[in-house]
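Let the hints inform the model, and build the full structure from the sequences given.
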Amino acid sequence: MKHNSDGSGQPGSGIKKGLTTEVYLFILVIVIMLILRLFAADFYSLNNVMSTFNYFSYLLIGAVGMNLIIITGNIDVSAGAIISVVGIAVAFVGKTNVPFEVFLPVGMAVGAGLSFMNGIFITKLRIPSIVATLATTQLFAGILPLVVDGAIYDLPANFTWLAFNAKLFGIIPSSVLFMIIIAVIAIIFMKYSRFAKKLYAIGNNANAAKLAGVNVNKTVVKGFVIAGALYGVAGTLIVTAGQRVTMTMGSGLEMTLIAAVVLGGTSIAGGSGKIIGTVVGAFILSLISPAMNYMGLSSDWSDAVMGAIILVSVIVSQIAVMTEKNKLNTMKLNCNPEVK
Amino acid sequence: MNEILRLNNIIKTFPGVLALSNMSFDLKAGEVHAICGENGAGKSTLMNIVTGVYKADSGDIIVDEKKYVFEKPNDAFDLGIAIIHQETSLFEEMTILENIFLGHEITKKVAGIRVIDYEGMEKEAENIFDLMNLSIDLNVKIKKLGMAQKQMVEIAKALTFNSRIFILDEPTASLTQREVAALFEIVRKLKSKGVAVVYISHRLEEIFELCDRVTVVRDGQFISCKNVSETNKHDLVSDMVGRSMDNYYPKADVKIGGEIFKVEGLNQRGVLSDISFSARKGEILGFAGLAGAGRTELAQAICGLTKKDRGKIYMNGREVKIHHYQDAMQSEIVYVSEDRGKYGLIVEMSIKHNISMPQLEKLSKNSFIDFKAEQKVADEYIKNVGIKAPDADFFVENLSGGNQQKVSVSKALALKPKLLILDEPTRGVDVNAKAEIHYIISKLVEEGLTIILISSEMPELLGMCDRIIIMKNGKIAGEFDRKEVTQEKILKVALEIE
Amino acid sequence: MKAKELNKKKSGLSFNSSLLLIFVVLFVSIGLMNNNFLNPNYIINVMLKNIIEIGLVALPLTLIIITSGIDLSVGSIMILSAISGGIAAASLGSVPGIIVGLAVGVACGLMNGLVVAKLKISPLVTTLATLFLFRGIAKGITSGDSVYSYDFTTFMGNQTLFGLPISIIIYAVVAVIFCVILSKTTLGRSLFAIGFNENATRYSGIKADKVLITIYTLCGLLCAIAAFIYLGRFTSVKFDVANTLNLRIITVVVLGGTSINGGIGDMKGTILATLIIGVLNSGLTVLNIPIDVQTIINGIVLVISLIVYSILIEKEKNKRILEVAAMKKT
Chain G
259 MKHNSDGSGQ PGSGIKKGLT TEVYLFILVI VIMLILRLFA ADFYSLNNVM STFNYFSYLL
319 IGAVGMNLII ITGNIDVSAG AIISVVGIAV AFVGKTNVPF EVFLPVGMAV GAGLSFMNGI
379 FITKLRIPSI VATLATTQLF AGILPLVVDG AIYDLPANFT WLAFNAKLFG IIPSSVLFMI
439 IIAVIAIIFM KYSRFAKKLY AIGNNANAAK LAGVNVNKTV VKGFVIAGAL YGVAGTLIVT
499 AGQRVTMTMG SGLEMTLIAA VVLGGTSIAG GSGKIIGTVV GAFILSLISP AMNYMGLSSD
559 WSDAVMGAII LVSVIVSQIA VMTEKNKLNT MKLNCNPEVK
Chain F
720 MNEILRLNNI IKTFPGVLAL SNMSFDLKAG EVHAICGENG AGKSTLMNIV TGVYKADSGD
780 IIVDEKKYVF EKPNDAFDLG IAIIHQETSL FEEMTILENI FLGHEITKKV AGIRVIDYEG
840 MEKEAENIFD LMNLSIDLNV KIKKLGMAQK QMVEIAKALT FNSRIFILDE PTASLTQREV
900 AALFEIVRKL KSKGVAVVYI SHRLEEIFEL CDRVTVVRDG QFISCKNVSE TNKHDLVSDM
960 VGRSMDNYYP KADVKIGGEI FKVEGLNQRG VLSDISFSAR KGEILGFAGL AGAGRTELAQ
1020 AICGLTKKDR GKIYMNGREV KIHHYQDAMQ SEIVYVSEDR GKYGLIVEMS IKHNISMPQL
1080 EKLSKNSFID FKAEQKVADE YIKNVGIKAP DADFFVENLS GGNQQKVSVS KALALKPKLL
1140 ILDEPTRGVD VNAKAEIHYI ISKLVEEGLT IILISSEMPE LLGMCDRIII MKNGKIAGEF
1200 DRKEVTQEKI LKVALEIE
Chain H
30 MKAKELNKKK SGLSFNSSLL LIFVVLFVSI GLMNNNFLNP NYIINVMLKN IIEIGLVALP
90 LTLIIITSGI DLSVGSIMIL SAISGGIAAA SLGSVPGIIV GLAVGVACGL MNGLVVAKLK
150 ISPLVTTLAT LFLFRGIAKG ITSGDSVYSY DFTTFMGNQT LFGLPISIII YAVVAVIFCV
210 ILSKTTLGRS LFAIGFNENA TRYSGIKADK VLITIYTLCG LLCAIAAFIY LGRFTSVKFD
270 VANTLNLRII TVVVLGGTSI NGGIGDMKGT ILATLIIGVL NSGLTVLNIP IDVQTIINGI
330 VLVISLIVYS ILIEKEKNKR ILEVAAMKKT
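Residue numbers (the numbering used here), protein chains in the order written: chain G, 259 to 598; chain F, 720 to 1217; chain H, 30 to 359.
Some hints could be false.
Heads up, simulated DSS-like pairs for lysine-lysine below, C-alpha to C-alpha not over 30 Å straight-line [said to hold, decoys possible]: (1) F:Lys785 with F:Lys747; (2) F:Lys1084 with H:Lys297; (3) F:Lys1102 with F:Lys1135; (4) F:Lys1031 with H:Lys147; (5) H:Lys346 with F:Lys1107.
Hints are computed from structural coordinates only; laboratory data are not their basis. The model shown is predicted, which means the values in this text are computed figures rather than measured ones.
Structural data, given as structure tokens:
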């Protein structure tokens, strides 16, 4: 006496599983790359490819952090400001001529610390994340001009070691290495750790998660801290790419991070979303600016394009959700499970 | 059977309210014990105490003959007490497997690191579902499941904790007859394994079919505990209200007039198929059917809340075009939704604001609200419908369920409709208020209103309606007149049994 | 205690009095620290004038937040409107500038409204995306260059009438209109309903879509008007000046007692909060506190108002539970 309670076993259900968001995204990536091949063949020069991958790395590392936050049903518009602060902090440290091994931990610590503040505002003070991070954006960005006069110059030579000298096989930038390691760890972590399940649960139904024994506040704060550390890595990589550091390095970056996450199929409402989607999303975004350049479009429009992408991908996924809901309702109406 | 749980003289107060006093209850392993009582009688509070959500002010909780104090839900959980609510607390975007094990996933060590052991979890889940005689794809997301399936997942979840006491809180509210049968099977299976089941329900028929004993609570106190075999419905109702209640469906004899409303060929792809019927003035036309038969969908399609593909609607012989709910209201058709908290009422607002909302335009001049007129309308309805509240500015959320429903109905009546469609008007309403609402319905048809009554409670349909139309799978399956109808006849048609 | 009195407390009659008190205290204390502050000329031409754009946009934003929505793109709409108007005026003249400025504001607001109402995407996500989109368009059409003011904007930003800047008169009129809309019209009532329970509101026959589209478009319109004033006052704008506006406008609305969760709000509160922020900003400037610190202080004010407000709501709720229970016993 058994019955299939999910409607599976019917013809066509296997094929349905294959047409997920990720597949659509992969197709999109291939299309974009083909277009580039056709219209801007010199896009594929080694230098350009490496520089695109560089940008892709910063993006993805930061976007993984943002992904964690969005899965819990929160949002973080202060990521860009945090990265700016990380940049200045690392630059400060760099001026004191410490060995470069110090940079990364410092960056991660600063990022984690600032993000921790966000987490506390949101959990302990119960401020909605959009408002909290709006406020902290101003807070973080606002502190910088008080501490630094203009930009930071004349950083020692070893400052840029990470970016320019630490290349695998002489070509692959260290940023790419970091990105690959982080992405792989993230994918495994999200599938096999209990912590990840808690994040998803909170994003789905924080109350139910609490009843299931999850310490919601602690988990959310931990999520923010991890994200902050990742912002720190991204920030460190970005800032060590040059010998002059400005205060607005990360300004606006949160937009791109959010775009990458949303484009990758993670719902802004929380509770779902895979890292692999964010990988593809970040990749597509990293292609846009250089692609626009190579095709002759001014880079001044890349912000608008980014904004349009976020809007369009949100609209598309909403339409997909609405059609799925309609289908589900009809399905439920027509199939009553049989108990034999 | 051993006693597995006992509550002695539990007292629980909230600021200014004595919720439970002299509450006692005992539960034996392997029994199915019903708890019965009106809304507000204290059933939920009692269950919250048993599951550790609230802490009792005084009294004993004894599990397996040892006293315990529950400071938090986990304390009760750890002892094997699990509750399955009506609103499932599942995670929609996560899979069945993930939901069942959330918070206590099975792990294994790989290269020194603790990771989730999917195979281990799958194995245990399969064992549990085998026990329940269900074959289920563990990787389906919860959002794709129906209500009944979600409840099964909840039960499975509780079983992964080796729960020995299952509390089912109104589990059959949204289940089809077949799903109810499946649920009962599972309960019996659990029973045979020595699990104790507490069954909270308004549905007396189910209690008599499934349960061994029944405890009645009233006003936060223990009233009686009887063996099901030694009592009957009237007895229970007496205990619940404190007086005997005969004839709680006071249907007066009303002169039924000519046809006032007609639906022709209504179609909604995938949902409703070729619906045609008519209603007469002064008639109470009931719509019966199992959950999912399409009754609510039909009502919403008629009223323009959802789009229909085909179909004509006639009011007083003239065709009316209904594309939005406003059109329905213009044609004097009003719909009162079944989920009043979600759709019907804005509980954070006052009675007055709620009642005036559907006719705000009528009560205003050039978009400026006429506050005096609004007050007048509200006072009128509070009086006529008998809403128990100090004044019209009282917030609806502070009213009892029955009174909230009355506000819902007032809201509809304030529009002076000719046809009123009531969708499960007494769901979740206590016996007293239920009778009052039925009385109101009777009076309305006496005054010439026509009512379509969608209900899942057979006694309500049989007692109140002049005719009953039965729906199944989006189609009309049968129709009976008051004089010839019986519960069996309805069920047979609803289930399409020859 | 009668239900009417319970309700009054909820609507915040006493809350507004506290706001007024805060305003007076701030005003007096800063005035004591720096006499120039009390100069009526200063009050009108600096303190009040500086807060007009924020005050203007805070009015429709109050309506939006009451429906438990939000509009994060207001700063971007303002800038895009100012920039497009300026560009049009530069090549075609003042009148086309006005038309384009208004049209852009309305179009942006309409877009927000349509996406929120018809596509049912959360206002947060929608306006976050349009914040980026509108700002990006502003960047694209100017390539980062500045856009300059023209006759009409100069008029709006600087002209005085009977000694009062036109912008203040405009604000006064618009503020009164919005007060009336919120407390006396059907539109206003439906906002609270939508904020509490959008579904039930639809089931009550209120055309929620129409209401939402209206208020978002209205917001866009007011952003355009504020944009004229802003461009006039600052004589030139670049696409990236809008960054702090969002935060300050939301601060005003929240400080004014409008709940970020919807259903609760009062236009008078918003007006009082506008005055308070006006005093705060100009006061800090007068006391020579740097702009960046001011921004931080703004952020802190927002955070504090949110905390205080949620505590007040909790207390109010608990009090009501007690009183209702007491009433039930009698």
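Give me the numbers of the hints this structure contradicts, sorted from smallest to largest.
-> none
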